[in-house]
Structures are given as structure tokens and as C-alpha cells.
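Visitor: Chains as they are written, first to last, in this note's numbering: chain A, 1 to 288; chain B, 1 to 288.
Misleading hints may appear alongside valid ones.
Which copy is meant is left open, so a pair is good if it fits within one copy or across any two.
Result set (DSBU-like, lysine-lysine): computed pairs, CA atoms no more than 35 angstroms apart in a straight line [said to hold, decoys possible]:
| no. | residue 1 | residue 2 |
| --- | --- | --- |
| 1 | K218 | K125 |
| 2 | K108 | K39 |
| 3 | K204 | K125 |
| 4 | K218 | K171 |
| 5 | K105 | K218 |
| 6 | K108 | K281 |
| 7 | K108 | K204 |
| 8 | K171 | K160 |
| 9 | K171 | K155 |
| 10 | K125 | K155 |
| 11 | K105 | K248 |
| 12 | K204 | K72 |
| 13 | K105 | K72 |
| 14 | K248 | K188 |
| 15 | K108 | K171 |
| 16 | K39 | K188 |
| 17 | K248 | K108 |
| 18 | K218 | K207 |
| 19 | K108 | K218 |
| 20 | K105 | K204 |
| 21 | K105 | K207 |
| 22 | K155 | K207 |
| 23 | K171 | K204 |
| 24 | K155 | K281 |
| 25 | K207 | K125 |
Please keep in mind that the hints were generated in silico from the structure rather than gathered at the bench.
Number of protein chains: 2
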Amino acid sequence: MTADVLPDPLSTLLRAPAGAVNLAALDTRATPGYPGEGKADADAHREALAPQLADLQELLFADGRANPEGAKRVLMILQGMDTSGKGGIMRHAIGLVDPQGVHIKAFKAPTAEERRHHYLWRIEKALPEPGMIGIFDRSQYEDVLVVRVESLVPKAEWEKRYDEINAFELKLVEQGYTLIKCYLHMSKEEQAARLQARLDDPHKHWKFTPGDIDARAKWDAYMEAYTAVLERTNTDYAPWYVLPADRKWYRNWAAAALLREKLAGLNLTWPVADFDVDEQKARLAAEG
Amino acid sequence: MTADVLPDPLSTLLRAPAGAVNLAALDTRATPGYPGEGKADADAHREALAPQLADLQELLFADGRANPEGAKRVLMILQGMDTSGKGGIMRHAIGLVDPQGVHIKAFKAPTAEERRHHYLWRIEKALPEPGMIGIFDRSQYEDVLVVRVESLVPKAEWEKRYDEINAFELKLVEQGYTLIKCYLHMSKEEQAARLQARLDDPHKHWKFTPGDIDARAKWDAYMEAYTAVLERTNTDYAPWYVLPADRKWYRNWAAAALLREKLAGLNLTWPVADFDVDEQKARLAAEG
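Given only the sequences and the hints, what does the whole structure look like? Please build it.
Guide: Here it is, written out as C-alpha cells:
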């Protein structure tokens with residue numbers, strides 16, 4: 001399906017590198033796989049994905065209804081620094097899809113109840129139902145990102161989590177989940193400009209907290225933590241994709257296009273009726 | 001905000017009549033308040049609402065963040081016979097709104113756990129969080145609709161529920177909820193055409209169940225049950241709106257326009273920063 005559109009699948013172009021990762025060497029302004037000219041035609045290219053996304057989402061939903069035990073589920077995980085565009089992708093990429101087929105979950109600092117449980121407890125609870133597309137705004141990866149940078153648990157504890165998360169994700173894939181793990185790769189300079197814009201516009205003040213600057217002050221430690229994530233949890237069954245995120249128009253297009261490619265790759269077909277169609281037509285005609 | 005667009009607010013035009021309701025006298029093909037010519041320009045008129053809906057939803061969301069205790073919440077309830085367009089409104093009207101600000105809940109036949117609780121238990125659990133727009137696909141009203149028509153509980157029990165629901169909704173309104181209760185008013189002939197279309201198209205078979213014809217056979221009993229709902233729960237604090245639903249393009253526009261009107265009526269303003277803006281600008285500049 002995507003072969004007509006993209007010489008190489010976007011998933012190949014965006015796949016995080018194997019082995020040692022040098023984030024500084026990955027261009028935050030790149031536009032791999034983008035089929036148009038640039039910003040000027042980006043809305044059109046993104047919106048052109050909507051009809052395919054609609055069909056593919058409906059196929060997934062129908063599969064979930066017809067086959068709830070064995071149904072496919074899709075889970076897109078969005079991770080990135082503040083202002084890298086998790087919300088923008090929700091609005092402009094996920095917003096292309098029928099909202100009935102999407103379940104968005106934003107993970108904040110754990111509540112008191114969540115802290116009493118294993119860190120994967122709240123993740124398990126938020127997994128999408130059969131036939132649904134789940135979108136996580138932050139995820140289990142916060143437990144090796146902010147938790148590591150802020151030393152919220154001892155190193156001996158977070159060190160174990162990379163393997164735990166891999167095992168958890170393998171179990172999900174074996175249950176029929178497709179995971180689409182996206183790291184939104186933004187430069188430190190771009191973040192400064194976006195935070196400045198929030199501070200300059202009174203209508204955006206509600207999006208800002210002084211904690212955003214606290215986190216920014218630890219930029220290098222966060223990059224180190226993201227590097228470890230990409231090096232240690234970039235499995236073949238649940239790969240990481242690095243979306244260059246300095247150009248919002250590309251980031252939004254890429255998220256939509258990657259979702260489209262992954263949905264198409266499920267090769268779903270319409271469920272066959274589990275009732276006698278002619279009999280029901282006759283009943284409808286008789287009922288009038 | 002709506003005064004420029006509509007001579008009479010759409011909420012006035014669609015408000016269910018006071019007193020005795022004669023559903024047969026309400027035109028299912030009417031287009032009250034529609035500002036355009038008809039089907040040909042309906043997509044454009046509906047999509048023209050998107051920017052206002054986006055701003056208003058963001059204001060509501062910001063209010064929820066800034067003021068979680070006293071925040072406004074909006075709850076749209078969609079009720080109607082099978083194929084009347086609850087799903088179509090989700091896709092084409094609610095789909096205009098940022099999906100991060102919307103919480104959709106579809107109520108099915110109660111689960112075993114839900115049946116062990118009061119019928120409002122599952123409703124309470126699904127209410128939108130502060131700052132969110134909740135959309136119910138079916139609702140507490142099923143407990144005086146299918147429950148009444150199918151005699152799932154004794155009459156003495158469902159008879160009490162109209163007053164209970166009114167009391168429940170009054171409590172919600174006092175807590176800051178705005179309720180938008182929409183009855184999708186479709187003719188029996190139109191339903192036949194839509195069921196036929198589902199039976200004729202193998203890609204739509206998954207949407208059909210033989211139970212749809214069973215319910216259709218009880219059309220008059222359902223109309224009687226809807227009439228009782230409109231007569232007994234059409235309160236000033238939580239009014240019913242009757243959306244003529246035979247023309248899909250009108251129904252979808254009307255749902256979006258009604259939501260827009262109700263959001264605008266909240267008269268929300270952007271939250272004022274709870275931090276020192278200049279101090280944070282200086283921190284950002286120093287951080288570089």
C-alpha cells in the first residue's frame with residue numbers, strides 16, 4: 001500500500017539506529033520520506049492521509065468487534081522533551097482519525113495510588129481495547145527518564161527496568177499489539193524558542209510551568225537517558241522511531257504517515273457476516 | 001458570539017417542546033438554523049466551525065488546568081434509534097475538536113459488574129474530568145428506553161427513574177457541568193434505507209446485528225419511550241434538543257454548531273499566569 005508513495009517505507013527511514021546512539025548526530029531538522037516540497041504543502045499532504053487512515057481504522061475497529069479475543073490493537077507511544085510536540089501530534093495527526101477508534105492517555109506524575117503499585121500497573125490499565133488505537137502521551141519510559149534524571153528511585157532499581165520493559169512489550173506483541181514508539185527529536189535551541197513563545201503570549205501561559213525550565217537545565221542528563229532508552233529498548237518486535245521534531249509540519253505529517261503504514265501492514269480484511277444476510281434482508285422487507 | 005451567525009440561537013430552534021410531545025409532528029427532514037443552501041455546502045459550513053471549536057475547547061481545557069476544583073465540564077449525550085447517527089456525529093462533528101480534550105464513552109448492554117450496581121454507577125464513572133468535553137453514545141436514558149420497552153425491570157422501578165435522572169442531572173449542573181442532551185430524530189423509513197445499505201454492502205456487515213431488526217419491530221414502543229423521556233426530563237437546567245436526523249449533513253452540522261454555541265456560552269477567559277512571567281523569561285535567557 002505504501003510502496004506507491006514511498007520508495008523506502010517511512011518506518012525504515014525513521015528507525016532508530018542499532019548499536020550505540022549519538023543523538024547529537026541525528027538532524028532535528030531533517031524531513032526523511034516527506035513526499036512534498038516543504039511547509040507550504042504539508043497540510044495538504046497530511047490531510048491526504050485522512051481517507052486511508054479512516055478506512056484502516058475502521059478495519060481495525062471491525063476486527064475488534066468480530067474477533068474480540070484475538071483482535072489486533074495498535075499502541076503509539078509519544079516521548080520527547082517539553083514542547084517537542086506530543087500535543088501537536090494529537091491534534092494534527094491523531095485528529096485525522098475517527099475519535100471513536102482512538103484512546104488517548106496522558107501520563108502525569110504518578111498519583112499516590114499509582115505509586116503504591118508497580119510502575120507498569122497504570123500502563124497495563126491504560127492499554128487499548130481490541131480494535132482500538134491507543135496513544136500514550138508519555139509512558140512506561142518516564143520510569144527510566146525523569147525517574148533516572150531526578151534519581152526518584154535508586155540506580156539499581158531503574159537499571160532493571162530496561163529489561164523489564166522489553167519483556168513487557170514482548171508480551172504485548174505476542175498478544176496482538178503493534179507498538180509504534182516515537183521519540184520526538186528536538187534541538188535545545190528549538191525548545192528555547194518554543195518556551196519563549198509560551199512566555200510571550202498570555203494565551204499560552206497556562207501551558208507553562210516553572211518546572212519546564214528546571215527540566216531544561218538538565219538537558220544533557222535527559223539526552224543521556226533518552227540515549228539509553230534508544231540503545232536498550234529498540235527491539236525488533238517493538239522498535240523505536242526517531243521523528244525529527246524541529247519542523248512541526250514534518251513531525252505531524254510523519255506521525256500520521258507512520259501510523260498509516262503500520263495500520264496498512266496489519267493486512268486486515270472486512271469481517272464476514274456471522275448472520276444470514278438474505279434472511280435479514282427478508283426480515284427487513286417484511287418489517288417495512 | 002453566535003448572535004452574528006444565527007438570528008435565533010440554535011439551542012432555541014432545537015429545544016424540545018414544553019408539555020406534551022408529539023414526535024410524529026416533528027419533521028425529521030427539517031434543517032432549522034442551517035446557514036447555507038443544503039447538502040452541497042454542508043461540509044464547508046461544518047468545517048468552518050473547526051477554528052472556533054478549537055479555541056473554545058482549548059479555553060475549557062485551560063480552565064480545567066488552572067482551576068481543577070471549580071472547573072467547567074461539558075457533557076453531550078447522544079440518544080437515538082440504531083443508524084440515527086450517533087457514530088456519524090462522533091466522526092464528523094466531534095472529530096473537529098482536538099481529541100485530547102474529548103472523552104468519548106459508548107454505553108453497551110450492562111456488564112455483569114455494572115448490573116450489580118445502581119444504574120447510575122457506570123454513568124458517574126464515565127463523567128468527564130475538569131476541562132474535558134465528554135460525549136456519551138447512549139447514556140442513563142437507556143435505563144428508561146430499552147429497559148422500559150423490553151421490560152427489563154418492573155414498571156414501578158423504571159417509573160421512578162425519570163425523577164432520579166432529573167435529580168442526578170441537577171447535581172451535575174450545580175457542580176459546573178453543562179449538559180447537551182441530543183435526541184437524533186429519524187423517520188422509520190429512513191432507518192429502513194440505512195439498514196438496507198448496511199445489508200447491501202459487505203464492508204458494512206460488521207455494523208449490523210439481527211437485533212437491529214428486533215428493535216425496529218418495536219418502533220412504536222420506542223417512540224413512546226422517547227416521548228416520555230422528552231416530556232419528563234426536559235428541564236431548564238438540562239434541556240433536550242431534537243436534532244432532525246434524516247439528513248446526515250444537517251445532523252452533523254447541527255451537533256457541531258450546538259456544541260460551539262454551548263462552549264461559547266461559558267464565557268471563559270484565559271487563565272492568568274500563577275508565576276512571575278518576567279522572572280521565568282530571565283531564567284530562560286540565563287539558561288540559554
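Visitor: Take the hints in turn and mark each one as holding or not.
Guide: Against the structure, the hints come out as follows:
{"no.": "1", "hint": "K218 x K125", "in the structure": "within (31 angstroms within a copy, 39 angstroms between copies)"}
{"no.": "2", "hint": "K108 x K39", "in the structure": "within (32 angstroms within a copy, 44 angstroms between copies)"}
{"no.": "3", "hint": "K204 x K125", "in the structure": "both (32 angstroms within a copy, 31 angstroms between copies)"}
{"no.": "4", "hint": "K218 x K171", "in the structure": "within (33 angstroms within a copy, 46 angstroms between copies)"}
{"no.": "5", "hint": "K105 x K218", "in the structure": "within (26 angstroms within a copy, 40 angstroms between copies)"}
{"no.": "6", "hint": "K108 x K281", "in the structure": "between (51 angstroms within a copy, 25 angstroms between copies)"}
{"no.": "7", "hint": "K108 x K204", "in the structure": "within (20 angstroms within a copy, 39 angstroms between copies)"}
{"no.": "8", "hint": "K171 x K160", "in the structure": "within (17 angstroms within a copy, 48 angstroms between copies)"}
{"no.": "9", "hint": "K171 x K155", "in the structure": "within (25 angstroms within a copy, 49 angstroms between copies)"}
{"no.": "10", "hint": "K125 x K155", "in the structure": "within (26 angstroms within a copy, 38 angstroms between copies)"}
{"no.": "11", "hint": "K105 x K248", "in the structure": "both (22 angstroms within a copy, 31 angstroms between copies)"}
{"no.": "12", "hint": "K204 x K72", "in the structure": "between (38 angstroms within a copy, 19 angstroms between copies)"}
{"no.": "13", "hint": "K105 x K72", "in the structure": "both (19 angstroms within a copy, 21 angstroms between copies)"}
{"no.": "14", "hint": "K248 x K188", "in the structure": "within (15 angstroms within a copy, 48 angstroms between copies)"}
{"no.": "15", "hint": "K108 x K171", "in the structure": "both (24 angstroms within a copy, 29 angstroms between copies)"}
{"no.": "16", "hint": "K39 x K188", "in the structure": "within (21 angstroms within a copy, 49 angstroms between copies)"}
{"no.": "17", "hint": "K248 x K108", "in the structure": "within (23 angstroms within a copy, 39 angstroms between copies)"}
{"no.": "18", "hint": "K218 x K207", "in the structure": "within (20 angstroms within a copy, 51 angstroms between copies)"}
{"no.": "19", "hint": "K108 x K218", "in the structure": "within (19 angstroms within a copy, 48 angstroms between copies)"}
{"no.": "20", "hint": "K105 x K204", "in the structure": "both (22 angstroms within a copy, 29 angstroms between copies)"}
{"no.": "21", "hint": "K105 x K207", "in the structure": "both (18 angstroms within a copy, 27 angstroms between copies)"}
{"no.": "22", "hint": "K155 x K207", "in the structure": "within (32 angstroms within a copy, 51 angstroms between copies)"}
{"no.": "23", "hint": "K171 x K204", "in the structure": "between (40 angstroms within a copy, 33 angstroms between copies)"}
{"no.": "24", "hint": "K155 x K281", "in the structure": "between (65 angstroms within a copy, 34 angstroms between copies)"}
{"no.": "25", "hint": "K207 x K125", "in the structure": "both (27 angstroms within a copy, 28 angstroms between copies)"}
Consistency note: the structure conflicts with none of the earlier hints.
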